[in-house]
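Spelled out, the chains give:
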Amino acid sequence: MMRYNVDLNGYYGDFGGAFIPELLHANIEELRQTYLTILNDESFQKEFIQLLRDYAGRPTPLYFASRLSEKYHARIYLKREDLCHTGAHKINNTIGQILLARRLNKQKIIAETGAGQHGVATATVCALMGMHCTVYMGQLDMERQHPNVERMKLLGATVVPVTSGNRTLKDATNEAMRHWINHPKDTHYIIGSVVGPHPYPDMVARFQSVISQEMKYQLTEKEGNPYPDYVIACVGGGSNAAGCFYHYLDDEQVNLVGVEAAGKGVNTGQSAATTALGKPGILHGSKTLLMQTNDGQVIEPYSISAGLDYPGIGPLHANLHKTGRVEFIHATDDEAMKAGLELCRMEGIIPAVESAHALAALSKLSFDNDDVVVVNLSGRGDKDLETYIRWNMKQ
Amino acid sequence: METTNMQNRLDDLFKRKKHGILSVFYTAGFPYLEDTVRIAEELEQAGADMIEIGIPFSDPIADGPVIQHSNNVAIGNGITLGIIFQQVEVIRKTVQLPIVLMGYLNPVMQFGMEKFVSECSRTGVDGVILPDLPVDEYVHRYKQLFEHYAVRFSFLITPTTSEERIRLLDACSSGFIYAVAASGTTGVRGAFTSDQQVYFHRLKEMQLKNPFMVGFGISTHATFNEACRYGSGVIIGSAFIQALAENVQVSGFIHAVRPK
Numbered sequence: 001m002m003r004y005n006v007d008l009n010g011y012y013g014d015f016g017g018a019f020i021p022e023l024l025h026a027n028i029e030e031l032r033q034t035y036l037t038i039l040n041d042e043s044f045q046k047e048f049i050q051l052l053r054d055y056a057g058r059p060t061p062l063y064f065a066s067r068l069s070e071k072y073h074a075r076i077y078l079k080r081e082d083l084c085h086t087g088a089h090k091i092n093n094t095i096g097q098i099l100l101a102r103r104l105n106k107q108k109i110i111a112e113t114g115a116g117q118h119g120v121a122t123a124t125v126c127a128l129m130g131m132h133c134t135v136y137m138g139q140l141d142m143e144r145q146h147p148n149v150e151r152m153k154l155l156g157a158t159v160v161p162v163t164s165g166n167r168t169l170k171d172a173t174n175e176a177m178r179h180w181i182n183h184p185k186d187t188h189y190i191i192g193s194v195v196g197p198h199p200y201p202d203m204v205a206r207f208q209s210v211i212s213q214e215m216k217y218q219l220t221e222k223e224g225n226p227y228p229d230y231v232i233a234c235v236g237g238g239s240n241a242a243g244c245f246y247h248y249l250d251d252e253q254v255n256l257v258g259v260e261a262a263g264k265g266v267n268t269g270q271s272a273a274t275t276a277l278g279k280p281g282i283l284h285g286s287k288t289l290l291m292q293t294n295d296g297q298v299i300e301p302y303s304i305s306a307g308l309d310y311p312g313i314g315p316l317h318a319n320l321h322k323t324g325r326v327e328f329i330h331a332t333d334d335e336a337m338k339a340g341l342e343l344c345r346m347e348g349i350i351p352a353v354e355s356a357h358a359l360a361a362l363s364k365l366s367f368d369n370d371d372v373v374v375v376n377l378s379g380r381g382d383k384d385l386e387t388y389i390r391w392n393m394k395q
Numbered sequence: 396m397e398t399t400n401m402q403n404r405l406d407d408l409f410k411r412k413k414h415g416i417l418s419v420f421y422t423a424g425f426p427y428l429e430d431t432v433r434i435a436e437e438l439e440q441a442g443a444d445m446i447e448i449g450i451p452f453s454d455p456i457a458d459g460p461v462i463q464h465s466n467n468v469a470i471g472n473g474i475t476l477g478i479i480f481q482q483v484e485v486i487r488k489t490v491q492l493p494i495v496l497m498g499y500l501n502p503v504m505q506f507g508m509e510k511f512v513s514e515c516s517r518t519g520v521d522g523v524i525l526p527d528l529p530v531d532e533y534v535h536r537y538k539q540l541f542e543h544y545a546v547r548f549s550f551l552i553t554p555t556t557s558e559e560r561i562r563l564l565d566a567c568s569s570g571f572i573y574a575v576a577a578s579g580t581t582g583v584r585g586a587f588t589s590d591q592q593v594y595f596h597r598l599k600e601m602q603l604k605n606p607f608m609v610g611f612g613i614s615t616h617a618t619f620n621e622a623c624r625y626g627s628g629v630i631i632g633s634a635f636i637q638a639l640a641e642n643v644q645v646s647g648f649i650h651a652v653r654p655k
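Here the protein sequences come in this chain order: A and B. Just so it is clear: in the first sequence, position 204 is 204 by our numbering, and no numbers are missing. Just so it is clear: in the second sequence, position 231 is 626 by our numbering, and no numbers are missing.
For reference, chain B alone in the conformation it holds in the complex (with noise of 0.2 Å):
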């Protein structure tokens, strides 16, 4: 297990760039089993920054309709995590973007959290977030196992999270924080409220450890211009799974959020 002093390609990300980077999550498998592959190519020559694959689970209860259906789509195509690693391998082969995998604890579990890191590791993810993986357990049984194979983690924070507690979840978290813009499910809104702009400016000026990333919700030029003006990015998610079920071009979808 010698795996320390590995470069990560989401600390260089963020010590790269500052402001304006655009993440984009799309559930692996989905439209199609392959499509994991493409829709990374695809995002990397678009230029988006940096690349979030959702673990499809059968019962994702932080997702509204879009991600629901999406991850039921790739389940019934056959999509397992072993998939999703071999898929990361090829996109390994040609894409130089952050690789982040996202989803819910169950299937991580039943893969083993260790096989699971050093999966990641081998096959060049640079961080992981799984939403229902609680801090304690985090801190009692995985920190160390994630350091070891410099894969970051990163902990959600919402409108609702106490000062004290976003202190704790941010000393917790590698890589980058991700601030959920809006106390609800994952999908599509609108304009930010007012509450929503206190939250964003409030952790603007805790200076937290890690640069945060802001998502749910986010669609627009308009969305992702004002929440760069917070954080250090922006999130896109169920708009653009949204796009890829009404076979909207990659590239075009990326234009319109952040105009070349």
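In isolation and in its complexed conformation, chain A is listed as follows (with noise of 0.2 Å):
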């Protein structure tokens, strides 16, 4: 049996590992110690599991979608994490992390945010234990995501704009980054994505894990059989991937889609589709896919949809597409927005953009009549409205 899960020294394959200046070793260190004695500790997992149900509503619905369903030939479940408090998945990490930067001793977070979706959910979760946040976002992400900017406002969140490369996600965690390094004493960095050094990507699928985990109990009361036939998720860094993948990651007769932002067209240079434009290198603490150069620069990269706007992948998810495991498409702009919008038509729910990409997978692939698909609806599309309307007003 292949496995998939990080290896003791925080290696997925070739992928991983904790590549950081020695200026952030100790915090980093602490972390890879602790967090496996933290999060298997009964009062931590009382805790979280305590807060997962009643402060952030799981588990959230697995929805029969019967009109997608008829149209696409198959039988269509969404896994409504959008109705999570916050309107995301994000809230399922930001949860965890919290608890465990309180078993750590720290008084202050900060966290990167590309939609706004993470950064909400972590001040959501300062303003719930009382803890001082600040949160990083691209100047352009703050523009393109406007109400999530207010949300973490209102929630008492300092929110710093970052003018950096292409005030986009990238640079939101570079300056995040900065700022640890800065205050590594007091601080706990809840990174929002499955990205960053060891112990991160493990850390942050394990706390979004419990998406698979309703699936595959939800699929056996619906379906009389755990195991779908496809999960189809969005990747941008990809917490929600590794989230709605995590306990099928065994299962190879589940297959299992990652769709990538595609932006304007894989080769038009304004693309975030890591997979097909990737190669290995070095980003934010670990060995990944790759957006560069031939030099080794990090290249721009470009999505409609600021959450999924990152040149590389998590670790996680570079090994799951280099084995064959994961099958990586992509979807534009535009196929996204299409998909959105049928969405909004025929099911009645306004999805994020984000996960309008995964959506986008549904005309992309082929099914059989009785195949059972389950499609992650990671964030709901509160915070794209202007970029609904602005997409519409083109058509």
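A couple of the hints might just be wrong.
Stated by the list, open to error - Below, a list of computed lysine to aspartate or glutamate pairs in the EDC-like style, where the Cα atoms sit at most 20 Å apart:
id, chain 1, residue 1, chain 2, residue 2
1, B, Lys510, A, Asp295
2, A, Lys222, A, Asp368
3, B, Lys410, B, Glu542
4, A, Lys71, A, Asp368
5, B, Lys488, B, Glu429
6, A, Lys71, A, Asp371
7, A, Lys279, B, Glu509
8, A, Lys264, A, Glu252
9, A, Lys364, A, Asp229
10, A, Lys185, B, Asp590
11, A, Lys71, A, Glu342
12, A, Lys185, B, Glu429
Claimed, not checked - Looking from chain B toward chain A, a few residues come up when the C-beta cut is under 7 Å (computed):
id, residue
13, Ser453
14, Ile456
15, Val468
16, Asn472
17, Leu500
18, Pro502
19, Gln505
20, Asp527
21, Leu551
22, Thr553
23, Thr555
24, Ser578
25, Gly579
26, Thr580
27, Gly582
As the list claims (entries may be wrong) - The calculated label-pair distances, taken between Cβ atoms and stated as ranges, are:
id, chain 1, residue 1, chain 2, residue 2, range
28, A, Asn182, B, Leu540, 31 to 41 Å
29, B, Leu428, A, Thr158, 54 to 64 Å
30, A, Glu30, B, Lys538, 52 to 62 Å
By construction, these hints were calculated from the structure, which means they are not laboratory data. Where a beta carbon is used, it is the ideal one built from N, C-alpha and C, also for glycine.
Now that you have both chains on their own, put them together as the hints suggest.
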């Protein structure tokens, strides 16, 4: 049996590791040595499960989408992470990490955010726990996801605009890491995706794995079988995908599909389709697939979706791509927007533009009539109203 | 590959000079692409003891705004590792100072580590610092390569590095060890705090295998003198790069930090 989880050295096959300057060594080493003990601790688990249930609203429904099913000739379910408190799966991870931060006696929290969903989820748990919160966000993302900026401020967080690079998620992550280097003692960095140095990718994947854990028993109830034929998720850094793939990685009969953002087209130079365009490199502390020049400079990605606008993917996904365990496909801005609008009109659900990329896979894959397909609806589209309105006007 | 017993200018420097060594860091290809050579020549004329040339990277997470900016400008100017080695070849026609290349791992990884180290040796680079290369990765994959080409490799230590780990990093370093003065990104800071003095003193007492150079945050004659009380010398980066950006004369800058 192939294993896809992290090894003792923090690697997924050739990918992963902790490529960090010495300035962060003490922090990362503390996390590496303590995270499994803390996560497996009974009191931690009790608090985590209770907050997921009573605060975040878990389990999220597994909804049978009958009209979509009819159209695509399959049995299509939506895993409704969009119904989580704060509007996306991101809260699963921030609850886990803030409980961890408290056990490490950290008083302050920092985070990076792209679409703002992770920033909002972090600001939310900081308010809940009475902790100081600073969120780094690219200036471009602050413009295109303005409602989330206001939500973070309302929740008491300080939002720091990042003006370096393309002013998006990669640059926000750089700035959050610099902040952590400058404030190593009292601060915990809540990374929002399965990226960063070991143990972050594994830690975030574990917190998000509740998604596939629920899917298994929900599918058993509805289909009499925990194993769907397909699980489909969008991939930026890849946290919602990691969560809904996690408990199916060793079940090879389940086809796992990751959908990356092709932007204006994979070969237009305005894309974020890392598995199609990337090669092995090092960014934000791990070895992974990375969009970069021949000289090793990171290429600025592009996507209409701020949450997928990232030049790398988590090392777990780089390995899943290399081993072929997950099929990676991509959807353009237009394909995603069409799929998003289709969900609005056919099921009465406005999806986040990120999740709309996963929905775009439905028209790209061919199913048998009795195939059970789960699309992870990672977030809701309230934050994307402007993007939908502008796209509609262009049509 | 017949390269053992090669003379290494870093070894010579640290053998010859035990105190008050001034090493100056600047970014290759900044402010203009061809400035890499001119600055090296002027640093030697101004009396610097050692040169560190930064390999620009798009995402320098350990660097403050000044070095970030110089990296962006240099990449915009078209700098690459290939060009840096051509420039070092030109520098070596006149300049005798030890040269250290410092940068993030990714550009080096794309260039190819073996090719990188052999180019260092061929063009006359004496030492390398790659702050995001983990020590176990270095030991298992690259240490032999560096030793074979007689290129020295320095690890960083910080005020939060444990004594046990300092011993490990010292054992794995060659040439010198880089003592980061403060827990933070690169950039100009004021006078040393008492915590920093305690840290420097602790390092001095440890009697490391390698000489240690103090860097990060040092910009003035006062901090230069103070750091030299503990270590073999000082590395100045951001303050010098800021001066370059403001068209300050190289010799003027050096003499202000270390008057003749």
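Evaluated hints:
1. B:Lys510 x A:Asp295: holds, 14 Å
2. A:Lys222 x A:Asp368: holds, 18 Å
3. B:Lys410 x B:Glu542: Holds. Lys410 (chain B) to Glu542 (chain B) sits at ~19 Å (cutoff 20 Å).
4. A:Lys71 x A:Asp368: Judged against 20 Å, a Cα distance of about 12 Å means the pair holds.
5. B:Lys488 x B:Glu429: holds, 15 Å
6. A:Lys71 x A:Asp371: Holds, at roughly 13 Å.
7. A:Lys279 x B:Glu509: holds, 19 Å
8. A:Lys264 x A:Glu252: Distance ~33 Å between Lys264 (chain A) and Glu252 (chain A) Cα, so the pair is violated.
9. A:Lys364 x A:Asp229: Cα-Cα ~15 Å, so holds.
10. A:Lys185 x B:Asp590: Holds, at roughly 14 Å.
11. A:Lys71 x A:Glu342: holds, 11 Å
12. A:Lys185 x B:Glu429: At roughly 41 Å apart (the allowed maximum being 20 Å), Glu429 (chain B) and Lys185 (chain A) break the hint.
13. Ser453: Holds - the Cβ of Ser453 (chain B) comes within 7 Å of chain A, reaching about 4 Å at its closest.
14. Ile456: Holds. Min distance 4 Å.
15. Val468: violated, 13 Å
16. Asn472: violated, 12 Å
17. Leu500: holds, 5 Å
18. Pro502: holds, 4 Å
19. Gln505: At about 4 Å, which falls below the 7 Å cut-off, the nearest Cβ of chain A leaves the hint on Gln505 (chain B) intact, so it holds.
20. Asp527: holds, 5 Å
21. Leu551: holds, 4 Å
22. Thr553: holds, 5 Å
23. Thr555: holds, 4 Å
24. Ser578: Holds: closest Cβ of chain A sits about 6 Å from Ser578 (chain B), inside 7 Å.
25. Gly579: holds, 4 Å
26. Thr580: With Cβ-Cβ at 5 Å, under 7 Å, it holds.
27. Gly582: violated, 9 Å
28. A:Asn182 x B:Leu540: 31 to 41 Å: holds, 34 Å
29. B:Leu428 x A:Thr158: 54 to 64 Å: violated, 39 Å
30. A:Glu30 x B:Lys538: 52 to 62 Å: violated, 27 Å
Hints 8, 12, 15, 16, 27, 29 and 30 from the earlier list are contradicted by this structure; the remaining hints agree with it.
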